[in-house]
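Q: Build the complex from these two chains, which are given one at a time in their own frames, with help from the hints.
These protein sequence lines map, in sequence, to chains H and W. The letter at position 96 of the first sequence is residue 96 when you use my numbering, and the numbering goes up by one with no holes. The letter at position 85 of the second sequence is residue 85 when you use my numbering, and the numbering goes up by one with no holes.
Keep in mind the hints are simulated off the structure, nothing from the lab. Computed from a predicted model, the values in this text were never measured in an experiment. What you were told as hints is all true, and nothing was included just to trick you.
Heads up, simulated DSSO-like pairs for lysine-lysine below, C-alpha to C-alpha not over 27 Å straight-line:
1) K42/H x K76/W
2) K68/W x K57/W
3) K42/H x K68/W
4) K42/H x K57/W
5) K83/H x K57/H
6) K78/H x K42/H
7) K42/H x K83/H
8) K81/W x K57/W
9) K81/W x K42/H
10) K57/W x K76/W
11) K57/H x K78/H
12) K42/H x K57/H
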Amino acid sequence: EPEVTQTPSHQVTQMGQEVILRCVPISNHLYFYWYRQILGQKVEFLVSFYNNEISEKSEIFDDQFSVERPDGSNFTLKIRSTKLEDSAMYFCASSPGQGAGNTIYFGEGSWLTVV
Amino acid sequence: GQNIDQPTEMTATEGAIVQINCTYQTSGFNGLFWYQQHAGEAPTFLSYNVLDGLEEKGRFSSFLSRSKGYSYLLLKELQMKDSASYLCAVRAGANNLFFGTGTRLTVIP
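Just chain W, same shape as in the assembly (with noise of 0.2 Å):
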């Protein structure tokens, strides 16, 4: 089976940076994906990795150790609207995604 965890809720300061962190346990690990999803909209892909590193995608970027089971998500210059939930989730065997609870990120001025 998956066993994902990350924090349930995170607040940060407008313009600030922010790390989100995912722990993970799972057989047949095949890479971590980061979805953004606002109240009642669909997940929204953000950044993979599938090797150990840092993946640079403008202000987000996404960390992984496959060694330690360990992600995080860095948001840099964060705006309002990035208030939203950031999801964790690991694919297992050939394609399937399995999801975190997710972290509700709220941004404040």
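Pulled out of the complex, with its shape left as it was, chain H reads as follows (with noise of 0.2 Å):
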């Protein structure tokens, strides 16, 4: 069965670093998602995206947060300089279509750790 795919499973920076999430959203899906957890809390909604631009973002997802699909697989999620706060899982998600019906499948994540 197809699948989300992320990379890297976990990650450990420094404060003021800059990190890249990677991921390969299933094949013949348009829309791509990322949401994040931290530990404990619910699941968060970060940004959408579709035909190589951004539709909605969340208050979260600042100046600090950009993303990128750089060729015709990968889905990548950059946070330009690590805060403390910006410790938890990220989940990238896509979807086949927009609206009622179409699911949004999830990746396993990315659990990234700011010291």
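A: Structure representation (structure tokens):
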């Protein structure tokens, strides 16, 4: 069964460093997302991406964050200067289309620890 | 904005039936989804409802009442492996999912 894959599974970085999290969405999906989950808290929406541009973003997704689809298969999340509060599990997700009935499928997550 | 409420924890016995409730308030409602999440893992899709009524998928069923802003997930013939968090998520607008805090279900022998 096709799945969303993410790398790395776990990354430790120093505060202030740049981090890039990588994702390969399911191949025939058109919509891509990043969510995050701080330990013990709920899953939070960060950004959605369609047709090579951001379609929606949350208040969390400030100027420190950016997303890119550098080629036909990868989808990346960059955090320019990490802060301690960026420590979380970051989930990439994709869906075939938009609207009712289009399920969003999640990857296994990248656990980011900022020290 | 979105407001999604579900119980924090529930305990049920192996072989039994458990119902996990979710209430929501949202603008631009466009479907309600249930996900299962084991600790440290990704949310895994279980079911969704767009129209009122009951959707059944094997041991799992989900119900929606849009007028009441209410949904429940019903798990039958509970197994130990069903111990996990169950996340209620509302799709608002075109696409994005907004999650509740999840209900941690513990299945005991």
